[in-house]
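J.: The chain contents come next:
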Amino acid sequence: MSRPDDGVPHDAWLRAALRHAPDADAVPPPALSEVILRQARAAAAADTAPARPAPAPAPLGARIAAAWSWLGRPPVAAGFASVMLAGVVGLMWWDRPLEESLPPRDAAIPAAAPAAATAPPPAAVAEPPAPPAVEAAPARNADRPAQAPAATRAPAESAAGATAARDEREERSRAVAALSKAAPVAPAPALRRAASTDAATPSPLATLRNAIGAQPERWRWQRDASGPRAVEAALPQWLARAEAAAGTRWSADPADAATTRGDALVVQLWFDGRLHTTLRLDAGGLVVEPAGGTRQRTDWPAADAAALREALDQATR
Amino acid sequence: MPTRTDPDDDTLMAAYARGDSAAFEQLYARHQAGLYRFVRRLLGSALAAQADEVFQDTWLRVVHARTRWQPQGATFRTWLYTLAHHRVVDLLRRSGREVAIDAHEGEDGEPWQPEAQAWQHWPAPAAAPQEQAFWRRAGERLLLCLEQLPLPQRSAFLLHHDDGLAIDEVARALEVGFETAKTRLRYAMSKLRTCMGAYLAPQGESR
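Taken in sequence, the protein lines are chains A and B.
Sequential numbering from 1 applies to the first sequence in the working numbering.
Sequential numbering from 1 applies to the second sequence in the working numbering.
Don't take every hint at face value.
Claimed, not checked - Computed spacing ranges between beta-carbons, pair by pair:
#1 Ala45(A) with Glu147(B): 39 to 45 Å
#2 Gln148(B) with Arg41(A): 39 to 45 Å
#3 Pro7(B) with Pro59(A): 40 to 46 Å
#4 Ala12(A) with Pro7(B): 17 to 23 Å
#5 Val27(A) with Ala22(B): 19 to 25 Å
#6 Glu147(B) with Val27(A): 18 to 24 Å
#7 Arg94(B) with Gly7(A): 32 to 38 Å
#8 Pro29(A) with Arg136(B): 36 to 42 Å
#9 Arg94(B) with Pro75(A): 58 to 64 Å
The hints are simulated quantities; they were obtained by calculation from the structure and are not laboratory data.
Even for Gly, the Cβ is constructed at its ideal location relative to N, Cα and C.
With the sequences and hints as input, model every part of the structure.
T.: What follows is the structure, encoded as structure tokens:
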């Protein structure tokens, strides 16, 4: 029992008493032992975790298969398809004007009119009001200031322009651009005169003659104080003759200007019992005065004036 | 106690320092009962409730110091009891109890010598079954006598007689010199014999 080299031998009786003590068989509670062992295992695991070798990189085929399976998942596939669709649409609209990518808006066209009206060119301010036929022109013409004659052909192009919508939009774009560039610049006098002539080109006599020819039974004429009379073939023929003599030489005749020369021959044309147009033929020319409209005058040589006056006198006698 | 085929404590501790948790489990199974008993008897009945805390704290110190531990002269078991002793001293100081460091000297400066007269009536340690009641009472008395010993003598006696450490191992565990450990042990044994002899009636009178 005792160790000889200790110098203090064990006391057998004390050791026997220790072995028979009430706490001789005491052991730590199992829960306490479990806590200690768990902490010891956790510490050992923490030591070994960083020492583990890094897993070898997967082969290329396995990585592609993994990526494909990842793309095959519904949420990922839906997102990928959305991105692809957005890319295709974006490429289709690439390098196109922004307006083309928007739905068609007719309101965008008259929107340019106020801009032109707010800053009209000086020539347009100085010009007299246009004849009724010109006023009936499409509103698009109002967007165009006194421009080159080519610009005045826009209505014809528009009529024929039921063509491709794309050409029309491009034309609008060019017109707006031309308007914005030409507005600050006053047109030259020669150009202004040409514009005035062109504006009077639609002859009021031609308009009137066509209207009578379409529905002659609804028209009446009256000379001086005589009562209204039905229209016969003589009056339209005279209108055609006067129209040919006037050509395009029409100009606005202010209402307050006494432009009639000498004794005028006055003929009134009635439509459905209402005064439609008054013709004043004097020694120098003809004044056409639509009811409630703008008067227009044309002058011709004295010989022509006398012949036309005689012809009208005979046609309305 | 490990058999000849089992690895020794130092080998197991080295394995655990390398991350082998099974090695720690072997160490724990090998020393848990002795260490728990050592802590309980050092603390005594007054601080018995703190035994679990000191026991757990001792083993966690082992866990935390696993990578720094190296068998430099002392065995794992010696180091383990050193850690436990430190924890007990800390606890006693926190509880306000005085821990006598120099408690191995007698009043006359000489170690106490046991009196052989008091032991002659005790039964032999290898008692027959009919003597078990006597030894149980002796064990109970011994625990009371241990609580009367100063902590240095108590720890020296327990390490030497209960845990089987040699004097030099006791000295290392208590971080004192060999002679100091031996003196503490002799004082502890002398006081315990006196305490036990005064309590236990001679064998002839107890029956």
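J.: Checking each numbered hint in turn, tell me which of them this model violates, lowest number first.
T.: 4, 8
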